[in-house]
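Given the sequences, and given the hints that come with them, work out the whole structure.
Here is what each chain is made of, one letter per residue.
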Amino acid sequence: MPERTCRIAIIGAGPAGMAAAVSAVEAGAENVLVIDDNPRPGGQIWRGETDDATAREWMQKFEPCGAALLGQTRIVAAPQPGVLLAENGAKTLTIRYEKLILATGASERFLPFPGWTRPNVMGAGGLQTLAKGGLPLEGKRVVVAGSGPLLLAVADEMWHMGARIKCIAEQAAPNAVMRLGLRLLGSPGKLAQAVQLKLRLFGVPYRMGWHPLQVDGADGTSGDDSDAPVASVTLTNGAAKRIQIPCDYLACAFHLTPRLELAHLLGCDTEWIERQCQRRTTVDAWQRSSVEGVYCAGESTGVGGVDAALIEGRIAGYAATGAQDRARPLLKQRDAWRRFADAMNETFAPRPELRMLPEPRTIICRCEDVRYEQVVAKESWRAAKLHTRHGMGACQGRICGGAAEFLFDWSARSSRPPVCPTRMKTLAERPSADQKGD
Amino acid sequence: MKRAYDILIAGGGIVGAACADELARRGADVCVVEAECAGSGATAAGMGHVVVMDDSEAQFALNHCSQQLWNELREALPENCEFDGCGTLWAAADEEEMNEARRKADHYAARGVAAEILDSAALAEAEPNLRPGLAGALFVPGDSVVFAPCVAKWLLDRAMENGATLITGKRIVELRSDGAVLNDGSIISAKRMVNAAGSLAPQLTPGIPVRPRKGHIVVTDRYPGFVRHHITELGYLKNAHASDRDSVSFVVQRRMTGQVLLGSSRQFDVTDAAIEPGILARMIQRALEYMPGLGQLNTIRCWAGFRAATPDNLPLIGPHPTRENLWLATGHEGLGITMAPGTGRLLADLMLDGEALIDPAPYLPARFANSEARHG
Ligand SMILES: Cc1cc2nc3c(=O)[nH]c(=O)nc-3n(C[C@H](O)[C@H](O)[C@H](O)COP(=O)(O)OP(=O)(O)OC[C@H]3O[C@@H](n4cnc5c(N)ncnc54)[C@H](O)[C@@H]3O)c2cc1C
Ligand SMILES: Cc1cc2nc3c(=O)[nH]c(=O)nc-3n(C[C@H](O)[C@H](O)[C@H](O)COP(=O)(O)OP(=O)(O)OC[C@H]3O[C@@H](n4cnc5c(N)ncnc54)[C@H](O)[C@@H]3O)c2cc1C
Chain R
1 MPERTCRIAI IGAGPAGMAA AVSAVEAGAE NVLVIDDNPR PGGQIWRGET
51 DDATAREWMQ KFEPCGAALL GQTRIVAAPQ PGVLLAENGA KTLTIRYEKL
101 ILATGASERF LPFPGWTRPN VMGAGGLQTL AKGGLPLEGK RVVVAGSGPL
151 LLAVADEMWH MGARIKCIAE QAAPNAVMRL GLRLLGSPGK LAQAVQLKLR
201 LFGVPYRMGW HPLQVDGADG TSGDDSDAPV ASVTLTNGAA KRIQIPCDYL
251 ACAFHLTPRL ELAHLLGCDT EWIERQCQRR TTVDAWQRSS VEGVYCAGES
301 TGVGGVDAAL IEGRIAGYAA TGAQDRARPL LKQRDAWRRF ADAMNETFAP
351 RPELRMLPEP RTIICRCEDV RYEQVVAKES WRAAKLHTRH GMGACQGRIC
401 GGAAEFLFDW SARSSRPPVC PTRMKTLAER PSADQKGD
Chain W
439 MKRAYDILIA GGGIVGAACA DELARRGADV CVVEAECAGS GATAAGMGHV
489 VVMDDSEAQF ALNHCSQQLW NELREALPEN CEFDGCGTLW AAADEEEMNE
539 ARRKADHYAA RGVAAEILDS AALAEAEPNL RPGLAGALFV PGDSVVFAPC
589 VAKWLLDRAM ENGATLITGK RIVELRSDGA VLNDGSIISA KRMVNAAGSL
639 APQLTPGIPV RPRKGHIVVT DRYPGFVRHH ITELGYLKNA HASDRDSVSF
689 VVQRRMTGQV LLGSSRQFDV TDAAIEPGIL ARMIQRALEY MPGLGQLNTI
739 RCWAGFRAAT PDNLPLIGPH PTRENLWLAT GHEGLGITMA PGTGRLLADL
789 MLDGEALIDP APYLPARFAN SEARHG
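Note that the protein sequences, when read in sequence, are chains R and W.
The working numbering applies: residue 1 is where the first sequence begins, and numbers increase by one.
The working numbering applies: residue 439 is where the second sequence begins, and numbers increase by one.
These are calculated hints, taken from the structure and not from any lab test.
By construction, the Cβ of each residue, glycine as well, lies at the ideal position given by its N, Cα and C atoms.
No incorrect hints appear here.
Partial list, computed: chain W residues near chain R (C-beta under 8 Å): (1) Ser478; (2) Lys591; (3) Thr658; (4) Ala719.
Coverage of chain W stretches by chain R, computed from C-beta distances (three or more under 8 Å per stretch; other residues unrestricted): (5) 462 to 476; (6) 704 to 716; (7) 736 to 743.
Right under this line is the structure:
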């Protein structure tokens, strides 16, 4: 089996991973390897992007910096300390490292409500990705719903692609969003960007305190009654008010949650932040996790946006190279971004009412078609798994686990390999060193 | 709050569940205390193969009667128990193993168990994804596969319909002669206790000859038709049962979900349930020798669990030789799912003074009474 040995392995070539690589090399690290399951660097936000100034700046720093990029490569297991197992197309390879930086980003959180599994109801980022990949949105009526700044970014992008954005429904209460906005007015970057976006989307209603209640189908059925594609979505503001908006697509995500599968597999401590309804990796001032030699940066330490990801990546890159002196001047700024991130995550944490959205027949585990009524009375995630197959399918809770955590207060953590579906052959590989062992 | 139950069962795995079901059905006032949730111990880790084995007459007797009880349950089991009467193929790699297949066939035939020898071509037709050139197989059509956690849950539900009480999420910290102390400090009083805590049974009853024996399992995404039976290599007997050393063998089965379940490994003296990549790799390598196409299937999860092994490979069913009011129902090693219904029946026979369905002597814990010090 092919092997790669490096001094610093960085998983994820998003803003955090790129910044970590650039900083590590700058501080003198040799043999830095960045691994990402996509062919190109950039992560969720900058993949294929060229017209954003910060993106361009970091791409220009990253590409010539001397760190090697191993694209289209997925880390699937961590068979022993210092060793990762990866799949690259049909190939399997072992990666040996001295230091590891996890920059694995976040994914969208989906919360179930009647009809949410119908065709053309998608993740906000998911629809954005499909559109970038060629799905024509010209003239299509799109409702964007859920929570977080992602909704604005996605709506903006789809609007530029010719979609008719009928409405953006933000579940967070208007005063909470306003407070966050005020807090941001003084600071550069993120909010200014969000506000600008909103202005550009002028004419598109941005309804704060509103959330989807139910999706109805083109065949006249409502909620969970059929699999017909979405024809309209009913939104509510919690009070008696409801509006029904016809649409071709519903793009829906309730903010983001850190991707922690690898952190858990490696044994890094994570913490549940109740007010943010979010689990994140625990790190110290130098972005060190609880596991010796393993650092975390970017969304995996708590959703924080690009600027937080960049600065954490830089600190992790320096610290992993032993250049704490270079990192020190960045700590204050990082802490400021973190405080902002905390405020943002509190603002966009799903409101408790959303727990009431599923009806008995609402599917909550898409892989295994498990319905709300089957699991609501279970005592734990494990009981739900064992007795209903909830979370036992191909996603292994990566998709439904976040919802289960919110709806039922279940911890859906798993530290079993593989972190994603992996060819069995890959798991038959053993790093050469221990091959003679038994 | 009631004063005392007739019988308190420690553990809601498939064995505890089967005991509760049987005892409650016969009118005993039963309480089951389960630390996690129904069927979450070895019962959740096992492959759920309901198989007649012939390592010894005593093993066969309990297996065989259990299998008959399984067949009686079959109609009543809900769909989520995934009962699949797919039969077992004992795959023989060479002539030596083929001889073993023939011996087994005769042995089964003499005891009324249907079994059929397949030659190399017939095996290839029965399981096209096996490597060509295997010598043949023994096909045992009466064996089946179940999803044991749901069976345990269903048995406990049925026990509750018959008046039993189930407490989940609480651990017993001490089993006394008049009840049990739970981890929240509460006390459940009972006239008699049954230790059905699987591989953890010695924590509650120190000194019983039960050792945890770890096993790894791999499950794939859905590939309906890739495997058509439960297949076990005949080398299994030489490999895994024979010694105390770590061993792996090729065991694969189809699930009603279309998934493929792959086993298995055996290790003593490990208590950490973490996946061990080295042994996992060996196990998969062994499987690839038999079924190379498995290598391309997507694995979605691996896990490990603990069998409760005894020195003579037979379970402990019956009164504790010295401790008052204490009964045991554990030590089923790799056959506890198969043997659960028979165990429930036998234990109820013994506890409620009925007539025993089969001779209980080989399973009585008293057989180790003299060697206890050694295992203690
Ligand atoms: C769906 C989605 C859409 C978004 N859209 C926007 C937007 O339009 N505008 C905006 O401002 N922000 C957006 N964000 C937020 C933005 O992605 C983050 O703020 C920022 O990119 C975080 O950077 P990061 O480096 O921490 O993570 P990411 O940019 O997410 O990078 C993590 C990288 O790690 C890779 N990875 C993870 N696990 C493995 C593994 N096991 N093996 C190999 N590679 C792995 C991932 O594929 C990814 O490329 C979006 C986020 C998501 C999830
Ligand atoms: C990898 C593997 C593959 C297997 N394959 C098969 C197979 O194909 N066919 C087959 O027949 N058998 C198989 N087995 C064996 C089978 O799984 C076990 O024999 C069977 O599940 C034992 O059931 P049990 O109820 O005795 O134990 P368990 O299922 O372990 O149940 C014991 C229960 O007691 C609870 N408990 C423990 N301590 C306490 C306490 N102090 N207080 C309260 N509750 C407590 C536990 O939480 C647990 O739920 C396999 C086992 C393994 C590990």
